[in-house]
Structure formats: structure tokens, C-alpha cells
Amino acid sequence: MSGFLMPLGFVSVMLAVLVLYAQLRDRAAHATAAARGWDQLRALAPRIPFALVAAECIGRLLPRDHVAALLGADAGLTGILAGSLVGGLLPGGPMVAFPLAIALFRAGADQAPLVALLTAWSLIAVNRTLLFEVPMMGVRFTLARLAVSAPLPFLAGLLAALIR
Amino acid sequence: MSSTDESVRRARPDRMTLFFVALAAASAAGVWLDGGGGELLDALGTAGMLLLGIAPVIIVALFVGGYVQALLPRKVVARWLGENGGAGRYLLATVAGVLTPAGPFGAFPLVVALSRAGAPFDVCVVYLSAWATLGMHRIVIWELPFLGTDFVLLRVLASLPVPVAAGLLARLWLARKP
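Going line by line, the protein sequences match chains L and R.
When the first sequence is numbered by the numbering used here, its final residue is 170 and no position is left out of the sequence of numbers.
When the second sequence is numbered by the numbering used here, its final residue is 1296 and no position is left out of the sequence of numbers.
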């Protein structure tokens, strides 16, 4: 549980600073902020428990020897490439991706392929792209952005392997 | 809030929630068939502990997001990013992406505003890539609790060049197109 205390402290301090600032400078912001926060909480709250259960169960179902062979330390550049591909195809938001990443880690995945996986997932994010980017930015923008993003997960994974 | 924004938000929750319910049911059934009731209970217990740890962080963070959106209107950010040219703009877009304290419902309306305010494709790409790979909000809420400081540091270091690299590739993309 201690892993959650630092993030909780961090966001609490941020919230305290923002509340104080709004109190001093712009009291109307309290109502807007509360409404925005509540809207988003209402949308997320029903999903999070199911997403966490799904990620934990999927993690347990992963075939360990395959994960280690595909994304393990011995997989080298192929592992980084595989991580990029898996991450790019991974559906769902952070509530799926991060629990799944830790499950892969436990199942024998190495750090550099996981960096590639998370970078690919965060840049490509199938659900987010279809639900937000295509409707709001259009198909041309989306395809062009995906095209220029394609090589970057592999580079991030490579850089992670070099740094470490 | 523009009307697109509202309709996207209204259409989203039910389908997404159903997707997660179905995914949870299918994977739980898989664990039960594979390892039996004890294994499934253990998995549910682990998920429950995660939920207890992460729920307070998410709740506080969503209100942080609410305050930043209320105190720092998108138009202001879009104007800042529109007014500064050259390399400085990439840096500002990166910083704005890192600090955007919200999910896609906060980031994409800002990109729409950016592009309406005249920001070119490459600046929008820098902003989105920085928000996606280095967004502080997501790192604090999700990544640190699950993956720990050492791994997160490595990932952040390895991802630092990503937004600018994406912007430079986007510029090449623009130049190549007729």
C-alpha cells in the first residue's frame, strides 16, 4: 500500500495549492472545478473496479514462458520490437495498461521492451484514438500523427536499453 | 464546452463500462477455469487492494484536473502556444502536455483550440505526444503506484526525446506532402 502514499501526497498538495489560489484570486472557479471533477469521476467510477479485475485476471492467464521468450531480457532488439507491437495493439486506458504492464513484468518481461510497450500504447491508444482523436481532429490528422509516431516506441525502448 | 465535446462525453461512458464489465467477466471466468475458485478469489482480493490504494489518488487528481481547467482556460494556453515561434514553441508545447492534468476529455479540446488558434500540425503533435508519453497526471496516478520509481525514471528518461522527435517527424511529413 505504501506505493500509493507518495502519489496521494503529491496530488493532495497540488489540490491544496489550487484551492488556495482559487480562494484568493477567482472564487467562481470552485464551482466549475467541482463540476468538472464530479463529471469525470462519475464517468470513471463504474469502470475502474472492472478494469482492475480484468487486468489482474488477464495477467494471471498470460503464458509465462511465452511472455519471457517474447519480451524477456534475452529477446534483445526483437523484444523491443515485440513490445512496440503489443503496446500499439493494446486496447483500453491506463487502468488496463499499467496493471497489465506489471503483470507482464512479473511474468518475466524485461524493462526495455516494457518501455517500448508503454510508449507505443500511450502514443497509439486504440480506444482513445477512435473515441476522441478521429471525431475531434479528423481522419487525416489522426493518420498523419500515427504515421510520425510509429518509429518512436522502438527508439524509446532502445534508449531505455542503452541508459540501463 | 463545445457541442462536440458534450456529445463525445455523453456517448462514451455506457459502452466503455460495458466493455470493461465484459472483459472482467471473461477474464475472471478464464482464471476460474484455469486455477479454480481459490485462484479467482485471490485475484479479486489483489484487484480489491489495488482499488483501495488507487481510488483516493484518482478522486483527488480528478479535482486537481477540474481546478486547472477552471483556472487556466484553453484559450489562454492556445494563445501562448500560438504566439511563440520556433524551438521555443516545441518546448512550451512539451511543458503544456506534461502539465495537462486530465485524460483525453481535457487534452483533445485543447488540441482543437490549438489548431483553431493557428498552431501548425507539428506543434499539435508535440503537445499530444508529450501529454501521452510524459503527462505528469498519468505518471502520478497510474504509473508510480503500479510500476515503482526506478522503472518510471527509466521510462521517463527514455521518453524525454519522444515529443520533440515526433514534432520533427511531423515537420518532415508536412514538407514531404505536395
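The set of hints was computed from the structure by calculation and includes no laboratory data.
Check before you lean on any hint, since a few could be wrong.
[What the hints assert, rightly or not] The following residues of chain L were derived to be distant from chain R, with all beta-carbon distances above 12 angstroms:
#	residue
1	Ala22
2	Asp45
3	Glu62
4	Val73
5	Leu76
6	Gly78
7	Gly82
8	Thr84
9	Leu91
10	Leu95
11	Ile130
12	Ala153
13	Gly163
14	Ile169
[Claimed, not checked] With the C-beta cut set under 8 angstroms, the calculated list includes, among others, these residues of chain L facing chain R:
#	residue
15	Leu24
16	Ala39
17	Gly43
18	Ala60
19	Ala79
20	Leu83
21	Phe104
22	Glu139
23	Phe160
24	Ala166
All values reported here derive from a predicted model rather than from experimental measurement.
The beta carbon of each residue, even a glycine, is placed where N, CA and C say it ideally should be.
Results for each hint:
Non-interface status of L/Ala22 relative to chain R is broken: a Cβ of that chain comes within 12 angstroms, the nearest being about 10 angstroms off. For L/Asp45, the requirement that its beta carbon stay farther than 12 angstroms from each beta carbon of chain R is not met, with the minimum near 7 angstroms. Listed as a non-interface residue, L/Glu62 fails to keep its Cβ farther than 12 angstroms from every Cβ of chain R; the least gap is roughly 4 angstroms. With a closest Cβ-Cβ approach of about 15 angstroms to chain R, L/Val73 is found to remain outside the 12 angstroms limit, as its non-interface label requires.
Listed as outside the interface, L/Leu76 is consistent with that label: its C-beta sits roughly 19 angstroms from the nearest C-beta of chain R, beyond the 12 angstroms cut-off. With a cut of 12 angstroms on Cβ distances, L/Gly78 stays outside the contact zone with chain R, its closest approach being about 16 angstroms. The beta carbon of L/Gly82 sits about 16 angstroms from the closest Cβ of chain R, which is more than 12 angstroms, so the claim that it is off the interface holds. Annotated as non-interface, L/Thr84 keeps its C-beta farther than 12 angstroms from every C-beta of chain R; the closest such distance is 18 angstroms.
The beta carbon of L/Leu91 sits about 17 angstroms from the closest Cβ of chain R, which is more than 12 angstroms, so the claim that it is off the interface holds. Against chain R, the non-interface label of L/Leu95 holds: every CB pair exceeds 12 angstroms, the least being about 15 angstroms. Separation of L/Ile130 from chain R is inadequate, the least Cβ-Cβ distance of about 9 angstroms not exceeding the 12 angstroms criterion. The beta carbon of L/Ala153 is not kept farther than 12 angstroms from every beta carbon of chain R, the shortest such distance being approximately 7 angstroms.
Residue placement check: L/Gly163 does not keep its beta carbon more than 12 angstroms from all beta carbons of chain R (closest about 7 angstroms). Not every CB of chain R lies more than 12 angstroms from the CB of L/Ile169, the least distance being 6 angstroms, so the non-interface label is violated. A cut of 8 angstroms between beta carbons decides the hint on L/Leu24: the least distance to chain R is about 4 angstroms, and the hint holds. Against a cut-off of 8 angstroms between C-beta atoms, the interface hint on L/Ala39 holds, since the closest Cβ of chain R lies about 4 angstroms away.
Nearest Cβ of chain R to the Cβ of L/Gly43: about 3 angstroms, under the 8 angstroms cut. The hint holds. The interface hint given for L/Ala60 holds, since its Cβ lies 4 angstroms from the closest Cβ of chain R, which is under the 8 angstroms cut-off. Here the hint on L/Ala79 is broken, as its CB sits about 14 angstroms from the closest CB of chain R, past 8 angstroms. Here the hint on L/Leu83 is broken, as its CB sits about 15 angstroms from the closest CB of chain R, past 8 angstroms.
About 4 angstroms separates the beta-carbon of L/Phe104 from the nearest beta-carbon of chain R, less than 8 angstroms, and the hint is met. About 7 angstroms separates the beta-carbon of L/Glu139 from the nearest beta-carbon of chain R, less than 8 angstroms, and the hint is met. Nearest Cβ of chain R to the Cβ of L/Phe160: about 11 angstroms, over the 8 angstroms cut. The hint is violated. At about 4 angstroms, the closest approach between the beta carbon of L/Ala166 and any beta carbon in chain R falls short of 8 angstroms, and the interface hint on this residue holds.
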